[in-house]
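Peer 1: Guided by the hints, dock chain B onto chain A, whose structure is given.
Chain by chain, the residues run as shown.
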Amino acid sequence: MSKAVALEVSQTVEAGPVKKRDLHLGDRVFFWILRGVATSVILLLAALTLYLFRLSIPAFQTFGAKFLISLEWNPVSEVFGAGPFIYGTVVSSLLALCISVPVSLGVSLFLNELAPKKLADTMGFLVEMLAAIPSVVYGLWGIFVLAPWLRTTVQPLLGKTFGFIPLFQGPPFGVGMLAAGLVLAIMITPTISAICKEVFRAIPDHQREASLALGATRWEMIHMSVIQTARSGILGAVILGLGRAMGETMAVTMVIGNRAEIDISLFAPAQTMASVIANEYAEASSQIHLSSLAAVGLSLFVVSLLINAMARFVVHRVDSRSAKAAH
Amino acid sequence: MKNVMFKLPTLALAAVLWVAAANAADLINGAGATFPYPLYSKWFSDYQKIDRSIQINYQSIGSGGGIRQLIDRTVDFGASDAPMTDEQIQKAKDPVVHVPMVLGAVVVTYNVPGVKAQLKMTPDIVADLFLGKIQKWDDARITKLNPGVAIPKDHPVMVVHRSDGSGTTAIFSDYLSKVSAEWKEKVGTGTALKWPTGLGAKGNEGVTGTVKSTPGTVGYVEYLFAETNQLSMAELKNASGNFVKPNVKSVSQSAKGSLKQIPEDFRVSITNAQGKESYPISGFTYILVYKTLSADKGKKLVSFLKWAVQDGQKTAETLFYAPLPTELVKKIEKKIADIQFK
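Keeping their order, the protein sequence lines are chains A and B.
Residues in the first sequence are numbered from 1236 upward in steps of one, following the working numbering.
Residues in the second sequence are numbered from -17 upward in steps of one, following the working numbering.
Just chain A, same shape as in the assembly (with noise of 0.2 Å):
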């Protein structure tokens, strides 16, 4: 990290001032229209925090840092806790990282190492047009197709066979952690695996060679020049992926039950942070139900922050590995 930092810091050291000095006037109009929309962005970001900062004061005052870990949420007596919420969010984003991970890498070095060029194309195309299709589409279809599904076939048959296990227990409802992980699950998956194909495509082809010169299978060679070399790079992908699915509200909110209470079961419905807000924020009334809607959202906005950070930090790294070995 600190030498790519050190690398950026010199690059700008060396392509600022020189150049600037020679600026015509148009460019240095131009580039002062450039710097003000750059700030905008960051100041604009600067506001949000902020606002939603201040906003959330009073909840954070009245709960106190308990607000993070507190389970009750009851609008009528006006006492809040986003500890379900936070449950719920990780939960059902970690069961789609679970289901979705394991696709995404099989689709994306399918595309990229096996699958002739052609049939590459169109799977790559129709994998990322998953990602076109608007989130209450996906809600809806897992109301009408998933949820009845689920409730009459697979969680049955989950509960029967892994019944011993506390996940699989309860009655099925169809709707619940289980959609909801499911729904996320379908919608990172060309999130993920369209940026692990980036990944796998910056591999050179040498390395692929050598491994292959020495007699490494195809399997072998996959797992030793291709997934080895690009563990960062997956986890950067991946990492994205959580940030998608923890932000996604509409087909979360849809599917997911709707519940503010932690319940070990994947049967059982549940409420995510995005969920929650979505849900109470416009009828909402109380000063106090409004702040703790506010500060739900500031809890979220910080993790979604943090797992941001942490992306980019990894994708860095990437970058600055692959380019150490193409010289």
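None of these hints come from the bench; they were simulated from the model.
Keep in mind that a hint or two might mislead.
Claimed, not checked - Derived DSSO-like pairs (lysine-lysine); straight-line CA-CA distance at most 27 Å:
(1) B:LYS115 to B:LYS166
(2) B:LYS98 to B:LYS219
(3) B:LYS273 to B:LYS312
(4) B:LYS135 to A:LYS1395
(5) B:LYS118 to A:LYS1395
(6) B:LYS313 to B:LYS238
(7) B:LYS288 to B:LYS273
(8) B:LYS176 to A:LYS1301
(9) B:LYS219 to B:LYS102
(10) A:LYS1301 to B:LYS288
What the hints assert, rightly or not - Covered, in the sense of this in silico footprint (three residues per stretch, anywhere, with C-beta under 8 Å from a C-beta of chain A), are these stretches of chain B:
(11) 164 to 176
(12) 179 to 188
Yeah, the Cβ is synthetic: ideal placement off N, Cα and C, and Gly gets one too.
Peer 2: This is chain B only, laid out in the frame that chain A set:
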């Protein structure tokens, strides 16, 4: 080709000018409840045919949002399914007038396999279903009340409620709090609740979708929605002891039955109303305006309100909203006449 390129900008300019001219009409902005939105948009377009100098722009952002925007004075009128609380009125600083526009109702809908007939329910059955205390559809109280209906043996009950904050939930929970002491103590009244049991679905359409696709469910939706989607609706026992089907007439009756209890400012809940034919889960939907309005826009808004509580009521019925009883309309007109202009 050149001709077209010349014509296009001219046409565009003409269009802009035309739109600008049309906008010369006074623009009145309102925001609030989603429930009356279909009716309001019909009213606004009907009324524009009568008075061309007024154009009403309404955003259905929810009752809570409507009240917030009224308090912030970003709109000329707010709309809400629930009257403003004392706390909200204090925040508004200047006096606010509540004008009831029509009545709405909430129905109990269900999906019991094999049951096509309309089920009868008493208030305590409804409360215990939603409290999670009645867990099987063939509960003795339900079968006793509905002889001759083939209710499946041992079928579990699943409650479906609104996950989003909503006026529908407010009216429904207000009713349950009136008829069940246990509900009042454990759950209470509000646009969003901590539900003792069940699944949350988003919007009337979410509840409808879940109930329709899941056997054994019971939920609640707006009457308008249940009627247009042909859902099964329970017949409820009202305060006078009669079983009443939800329809436009029985909902209007609930306002008539509570006429004596309606206070000067119309801020009242009329759930569990007296009267033989009153449907028990009904409520007003209001337009909220400040008591002192600006002279230009205010006068036009007031004449619209007068029109809505009179001629507008006929339109209401065709869209499955229950019209205000005539006795009440007189009172409301008096209240509208009190609005002042500065």
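Peer 1: Now tell me, hint by hint, if it's right for this structure.
Peer 2: Going down the list of hints, with the structure as the test:
no.	hint	in the structure
1	B:LYS115 to B:LYS166	15 Å, holds
2	B:LYS98 to B:LYS219	19 Å, holds
3	B:LYS273 to B:LYS312	18 Å, holds
4	B:LYS135 to A:LYS1395	23 Å, holds
5	B:LYS118 to A:LYS1395	22 Å, holds
6	B:LYS313 to B:LYS238	13 Å, holds
7	B:LYS288 to B:LYS273	15 Å, holds
8	B:LYS176 to A:LYS1301	19 Å, holds
9	B:LYS219 to B:LYS102	8 Å, holds
10	A:LYS1301 to B:LYS288	52 Å, violated
11	164 to 176	holds (count 8)
12	179 to 188	holds (count 6)
Checked against the numbered hints given earlier, the structure breaks only hint 10 and satisfies all the rest.
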